[in-house]
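In the working numbering, the protein residues as written are 6 to 906.
Hints are computed from structural coordinates only; laboratory data are not their basis.
Built from N, CA and C at the ideal position, the CB exists for glycine as well.
Be aware that a few hints might be false.
Claimed, not checked - Here are the computed lysine-lysine pairs in the BS3-like style, where the Cα-Cα straight-line distance is at most 27 Å:
{"hint": "1", "residue 1": "Lys459", "residue 2": "Lys429"}
{"hint": "2", "residue 1": "Lys311", "residue 2": "Lys334"}
{"hint": "3", "residue 1": "Lys200", "residue 2": "Lys438"}
{"hint": "4", "residue 1": "Lys368", "residue 2": "Lys293"}
{"hint": "5", "residue 1": "Lys429", "residue 2": "Lys311"}
{"hint": "6", "residue 1": "Lys352", "residue 2": "Lys207"}
{"hint": "7", "residue 1": "Lys296", "residue 2": "Lys200"}
{"hint": "8", "residue 1": "Lys901", "residue 2": "Lys806"}
{"hint": "9", "residue 1": "Lys339", "residue 2": "Lys311"}
{"hint": "10", "residue 1": "Lys292", "residue 2": "Lys207"}
{"hint": "11", "residue 1": "Lys438", "residue 2": "Lys296"}
As the list claims (entries may be wrong) - Quick list of simulated restraints, FRET-style, between CB atoms:
{"hint": "12", "residue 1": "Lys131", "residue 2": "Ile230", "range": "35 to 45 Å"}
{"hint": "13", "residue 1": "His738", "residue 2": "Asn363", "range": "28 to 38 Å"}
{"hint": "14", "residue 1": "Thr74", "residue 2": "Asn129", "range": "19 to 29 Å"}
{"hint": "15", "residue 1": "Pro649", "residue 2": "Glu545", "range": "42 to 52 Å"}
{"hint": "16", "residue 1": "Glu545", "residue 2": "Asn363", "range": "39 to 49 Å"}
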Amino acid sequence: MWKCKDCGTSVSRRSELLKHYKLEHRHYGRHHSYPCIHFNCPCTCKTWNALLTHVSRCHQPTLKTELTTFKCLLCNSNQRSNLKDYFQHIGQHLKNSETIVCVFQGCLYSTNIYGSFRTHRSRNHKDCSVNDLKHEILETQASSSGVSVESHFSDSIRIDSAGTEPFDDLGVEDLGDSSFEVQDLNHLSHNVELKVASLLLKLEHIYLVSTVAVDELLLEFDYLIGTASVPLFHQTIAQHLQNGNCQVDETVVQDLASTLCKSNPVTASFGGCGPLSTAWKRNKYYKKHFKVIESIEFVLDPQNKKSFQYISILQSLQQILSCQFFLDKAINLKSPHHIQTDKIQYKSFYDGSNYKENLHFSKECAISLVLYVDDFEICNPLGTSRKKHKICGVYWALGNLPASCHSSLSNIYLAALIYSEDVKCYGFDTVLKPLVDDLVTLEQQGLFVAKLGKTVKGFVHYVVADNLGAHSLTGFVENFSGKYFCRFCTAENVDVQTKEFKSGAFYVRTKDIHTAHLETIKENSLVSHFGVKTKCVLSENLSYFSVTESFPSDIAHDLFEGIIPVEIALCLDALISKKYFTLTNLNESIIAFPFKWTDKTNRPHLLPLTYSIKRTIGGNAHENWSLLRFLPLLIGARVPSNEPVWQVLCDLKDIVELVVAPFHTEDSISYLNFKISEHRAVFQEVFPHERIRPKHHYLEHYPQLIRQFGPLVALWTMRFEAKHSFFKRVIRHTNCYKNVLHSLAQRHQFQTAYNLHMCGSSNPSLEVTNVSTLPLDVLNEDIALAVKQKHPHMDTVNLAKNVSYNGFNYRIGMVVAHGSLAGLPEFWEIVHMIVLQETLIFIVKKLDAWYLEHYRAYDLVLPTTRELKLVGPHELTDPYPLAHYMIGGRRLISLKRYIHS
């Protein structure tokens with residue numbers, strides 16, 4: 006028997022299991038990961054055809070071959086063998102030009118040519134088995150003393166000319182079963198039609214193939230599979246009838262061939278008057294069978310035709326929470342989240358004070374929502390259409406999902422699309438009213454989740470936005486060069502030049518203080534007061550939402566696109582002016598540097614000649630992060646160790662590593678606070694004429710914000726901004742600007758419907774495309790001994806060179822952190838990787854490491870004694886794999902994020 010890895014369904018044949026995978030678990034293809042059906046094989050394949058190839062090449066079935074006594078009709082010899090050996094014996098007669106009569110029942114074909122006999126057998130007796138041989142050939146059937154080889158099959162297997170099981174029937178069930186009832190056929194026909202529809206939906210709204218192209222494609226397929234195939238069907242039917250000695254009128258054969266073509270459920274779905282034959286019919290079919298939640302148009306000004314698109318957040322939640330996959334992954338839905346009190350660690354929002362101190366949140370199951378607001382251009386921002394089609398997008402995500410799910414764009418949903426000019430004209434109070442109404446209903450009445458059998462309330466825990474978007478939505482002043490610019494405290498622009506936040510010179514904004522400021526504005530008819538202009542539409546309507554506690558800072562805009570490019574430009578300008586190196590030297594070093602693996606993807610950009618004039622190096626967040634990380638390796642050897650400008654860069658690198666850490670303790674937060682203060686002091690000493698920018702001040706709030714919200718890297722805008730690319734692609738492919746908001750919202754909802762239809766599809770924790778199975782004895786003695794010590798019953802191992810585990814890609818030669826010594830992490834190099842079903846084991850060798858403060862990197866050296874060890878991913882101090890680089894004869898490794906020792 007064969008058993009499905011995913012749902013446990015048992016079937017008797019391997020081909021039936023493959024059919025089951027293709028029909029019932031189509032969601033594997035969404036994330037390009039079809040796991041192998043064999044339980045002892047850890048491989049995954051990117052496509053369905055790749056899976057079939059893998060199964061055919063790596064898992065050839067060992068057929069159960071019972072020895073039988075065959076009699077040769079030409080030489081009368083009796084031999085006990087299998088069918089393959091018997092045909093080899095016949096082949097010897099043919100090679101001697103002896104005439105052989107066909108050995109299968111009812112066939113009188115004869116020949117003395119070896120090739121002709123093989124062709125005849127392949128064409129006419131391809132699916133024949135031992136039981137189809139002539140009776141005079143079979144002397145003894147299935148002798149009890151026959152030797153058999155262990156089989157993967159429990160039923161009789163037909164052997165084709167290649168000696169393997171045919172795979173021609175993987176797409177559909179066996180329709181030849183007499184017990185197959187009419188309702189089963191109807192169900193199968195519906196499934197085929199649904200599969201065709203999902204394929205077309207994917208083409209149109211995932212790959213953004215135009216409607217005209219899809220219509221043309223369907224017309225061609227309708228002709229090829231329908232009209233053009235009738236003669237082929239006619240020939241096949243006539244041939245089979247002739248082989249069976251059946252005399253049927255030619256008209257009947259023609260009608261039968263035509264009927265078979267027309268009744269094909271594939272062509273019936275999109276051919277002629279099929280439900281998928283036109284774009285209008287397809288959209289109607291999608292909305293009915295894929296539960297598309299359509300956008301609603303809200304009119305702002307009928308005369309000027311001003312409107313926006315809104316997608317009901319309640320309907321979206323209802324559909325999402327009807328999927329068991331999300332319920333299984335969700336935190337704080339089935340049972341209240343357990344708050345850890347023994348050891349303070351900040352790993353997620355649930356560990357922050359904003360959640361812990363809110364008794365209403367922390368003592369009952371609740372739906373956690375994360376909102377995102379930002380403007381984006383769908384046209385060329387430098388062209389003539391600049392700002393004409395600038396759109397404000399409101400997205401949301403389910404905060405109950407673990408952090409590993411937040412990076413997937415399919416888990417970020419659309420709430421509203423509004424023209425930015427309309428937001429400025431009518432205000433957030435008007436354009437967000439439908440969203441706020443739904444949020445009020447969710448907060449006060451809750452949402453009934455059928456699969457849980459109860460009503461669950463939901464809350465907006467925080468809003469992700471850049472500083473401009475956050476200030477616009479919260480009602481703070483949007484001028485960051487004005488007197489009051491901070492939404493976290495009452496700091497003045499003049500005071501931040503001489504005072505730090507941790508000095509206690511500024512009042513932290515609280516709910517009561519913010520309310521008092523609003524009252525003052527109302528009573529005195531002020532434009533603003535302490536940086537406050539108006540009320541926030543969310544805090545005004547939602548009982549458990551606070552302006553001062555729900556808008557965390559964004560490290561992508563503050564650090565990677567704010568402080569880093571400016572400070573790098575200042576420091577490089579100073580270092581070049583001191584003639585340590587030139588800009589040409591730096592750019593040549595960037596080009597020649599041998600970036601490896603993931604570092605190569607986000608390699609830093611070349612610095613422009615105008616960076617000194619512009620006072621910034623430009624670049625996107627990932628490129629700036631990479632440049633700061635590798636700058637010590639690129640030019641560190643040229644700069645003296647006592648250079649104060651170099652200290653500014655190195656302190657900034659330390660701060661970035663701490664800020665992007667995936668979890669924090671009180672010690673790491675205190676260390677971050679110290680480094681921020683130290684960096685400020687050194688920066689002002691080295692560049693006394695440079696002003697402390699607002700983003701420098703926001704950086705001083707980070708320790709406090711981590712205690713409130715957990716790791717800030719989980720709250721950055723990077724993944725939400727990546728969602729903009731979908732709408733830009735739609736416009737680029739359609740090139741249609743008529744009713745843009747409706748078109749974009751509709752396209753997005755079709756895409757979401759497809760993703761939810763395939764729900765249950767997350768990347769498996771372990772993905773490996775190729776493994777080598779070897780006996781343990783052939784491995785190096787040290788490696789074999791290390792494996793035996795941990796797994797004494799293991800005789801063979803599956804070795805892999807490239808493995809993805811929990812979103813991290815590991816390769817042989819990478820370096821991982823495991824354990825600590827004297828407060829510093831210990832590093833180990835991956836020698837081999839063993840895959841045991843869904844378990845990954847690293848065989849690593851120890852590396853001695855010395856910290857080089859000038860390079861902010863570790864110098865790795867092989868120890869005198871070789872120490873090998875087996876380590877699981879969960880045993881790593883930090884799961885992020887690193888690459889080492891040879892710099893000046895040293896093997897250096899630069900951390901990407903802070904590692905807790």
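Worksheet item: Holds or violated: Lys429 with Lys311, Cα cutoff 27 Å?
Response: 13 Å, holds
Discussion item. Does Lys311 sit within 27 Å of Lys339, going by the straight-line distance between their CA atoms?
Written reply: Roughly 43 Å separates the two Cα atoms, so the pair is violated.
Practice prompt. Assess, step by step, whether the Cα of Lys200 is no farther than 27 Å from the Cα of Lys438, and give holds or violated.
Written response: 39 Å, violated
Fill in: Agreement of Lys438 and Lys296 with the hint, judged by alpha carbon distance not exceeding 27 Å
OK: Lys438 and Lys296 at ~25 Å, within 27 Å.
Worksheet item: Within 27 Å, alpha carbon to alpha carbon, are Lys459 and Lys429?
Response: Roughly 41 Å separates the two Cα atoms, so the pair is violated.
Worksheet item: Within 27 Å, alpha carbon to alpha carbon, are Lys311 and Lys334?
Response: 40 Å, violated
Practice prompt. For the range 19 to 29 Å, tell me whether the beta carbons of Thr74 and Asn129 fit it or not.
Written response: With a Cβ separation near 25 Å, Thr74 and Asn129 satisfy 19 to 29 Å, so the hint holds.
Item to complete: Quickly compare the C-alpha distance for Lys368 and Lys293 to 27 Å and report which way the hint goes.
Response: Violated, at roughly 39 Å.
Discussion item. Holds or violated: Lys292 and Lys207, Cα atoms, limit 27 Å.
Written reply: Judged against 27 Å, a Cα distance of about 14 Å means the pair holds.
Worksheet item: Is Lys296 within 27 Å of Lys200, Cα to Cα?
Response: 15 Å, holds
Fill in: Outcome of range test on Cβ distance (Glu545, Asn363; 39 to 49 Å)
For Glu545 and Asn363 the Cβ distance comes to about 18 Å; the hint is violated.
Discussion item. Please verify whether Lys352 and Lys207 have alpha carbons no more than 27 Å apart.
Written reply: 36 Å, violated
In summary, the numbered hints that this structure violates are 1, 2, 3, 4, 6, 9, 12, 13, 16.
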